[in-house]
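*Asks:* Sequence:
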Amino acid sequence: MKLVKVVVDCKNDLGEGPVWDQVNGKLLWVDYNNGKICQYNPKLKAYSFIEIADTVMVTIPTNRNNWIVAIDKNVSIYDPNNKHFVKKVTIQENKPNNRLNDGKCDAKNRLWIGTMSTTADAPVGALYKVNADLTYQKMDEPFIIPNGIAWNKENTVMYVVDSMMKKIFSYDFNLENGTISNKTVFIDTSNERGLPDGMTIDADGNLWVAFWQGQSILCYETKSGKVLKRIIVPTVIPSSCCFGDEDLGTLYITSSRRYDTVENIENFPFAGGLFSFKPGVKGLPTQIFNES
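For the sequence shown, counting from 1, position 226 maps to 226 in the numbering used here; every step adds exactly one.
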């Protein structure tokens, strides 16, 4: 049995969106409800965070050593060295109760990000693409909670989770022009415990999916859709995962504390922590955002 380790007992309210910053050798993730961008340097075993807003959902490195972040309805460029926002764009949907959710960059360094209702109970969300100049286009709808995003190594298939629908969708992906087509249900997770949340893909083309309230990370073979591995995590609410370290051989897992029960937290005191384990496969490099 593979051992899942506690890396940082950070007690995140809602840890989300981990990405490996290859340039600086750090893991980045957010503590959504506390507006924190968290950082962990595995070589130094050093944890730190920056509070940048009331809430923050996404942070991804850019080509100018900044971060692209998602806050409420805004996609912004944040300068972590000088601790200020450089520029931003508001995703206009004419839906006052909507906010941004999870996001990730493709191999052409464009940001793909979803929107959802703050009540998370209606299919009023959408999937957007944000370009280098922060112009954006709506690419698909509807979604209830669009969540984890991943691409295969060949950049011909894009995967998107909808947590409340309990489905992982796949699209044909055109990398050059950044378009998607032929949406299909790749995996229906209705029979699994919990809800599919954040995910990543390994170099062999298999998806690793965190199951919110499912206490597990599931590895799916993308050729067949079959579950290859089930990794039990020492928290009931793992929220997302990504590969990190210099060799991309460590799977880092974020989690939530706020949305758990008192009983669960008593039984799993590291809820909200950052976890890791060695799955025996390597991930793909993080795609950064290209600022114009």
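Please keep in mind that the hints were generated in silico from the structure rather than gathered at the bench. It should be emphasised that the depicted structure is a prediction, and the values quoted were computed from it without experimental measurement. From the three backbone atoms N, C-alpha and C, an ideal C-beta is built for every residue, glycine too. Wrong hints could be hidden among the right ones.
Stated by the list, open to error - Between beta-carbon pairs, the in silico distance windows are: (1) Thr156 x Asn63: 38 to 44 angstroms; (2) Lys87 x Ile50: 17 to 23 angstroms; (3) Ser292 x Asn174: 31 to 37 angstroms; (4) Lys223 x Ser181: 18 to 24 angstroms; (5) Lys45 x Asn182: 43 to 49 angstroms; (6) Asn174 x Thr135: 15 to 21 angstroms; (7) Lys5 x Arg258: 18 to 24 angstroms; (8) Asp204 x Ser181: 21 to 27 angstroms.
*Asks:* All hints are to be evaluated individually against the structure, with a verdict given for each.
*Replies:* Do the hints match the structure? See the list:
One distance hint, 38 to 44 angstroms for the beta-carbon pair Thr156 and Asn63, is violated here, with the actual separation near 24 angstroms. Distance hint check for Lys87 and Ile50: the Cβ-Cβ separation is about 18 angstroms, which falls inside the suggested range of 17 to 23 angstroms. Between Ser292 and Asn174 the beta carbons are some 21 angstroms apart, a value that contradicts the proposed interval 31 to 37 angstroms. Distance hint check for Lys223 and Ser181: the Cβ-Cβ separation is about 21 angstroms, which falls inside the suggested range of 18 to 24 angstroms.
For the hinted restraint 43 to 49 angstroms between Lys45 and Asn182, the CB-CB distance of approximately 45 angstroms keeps it satisfied. Evaluation of the 15 to 21 angstroms hint for Asn174 and Thr135 yields a pass: the beta carbon distance comes to about 18 angstroms. The hint said 18 to 24 angstroms for the Cβ distance between Lys5 and Arg258, and at roughly 23 angstroms that hint holds. Against the hinted window of 21 to 27 angstroms, the Cβ-Cβ separation of Asp204 and Ser181 comes to about 25 angstroms, which satisfies the hint.
Hints 1 and 3 from the earlier list are contradicted by this structure; the remaining hints agree with it.
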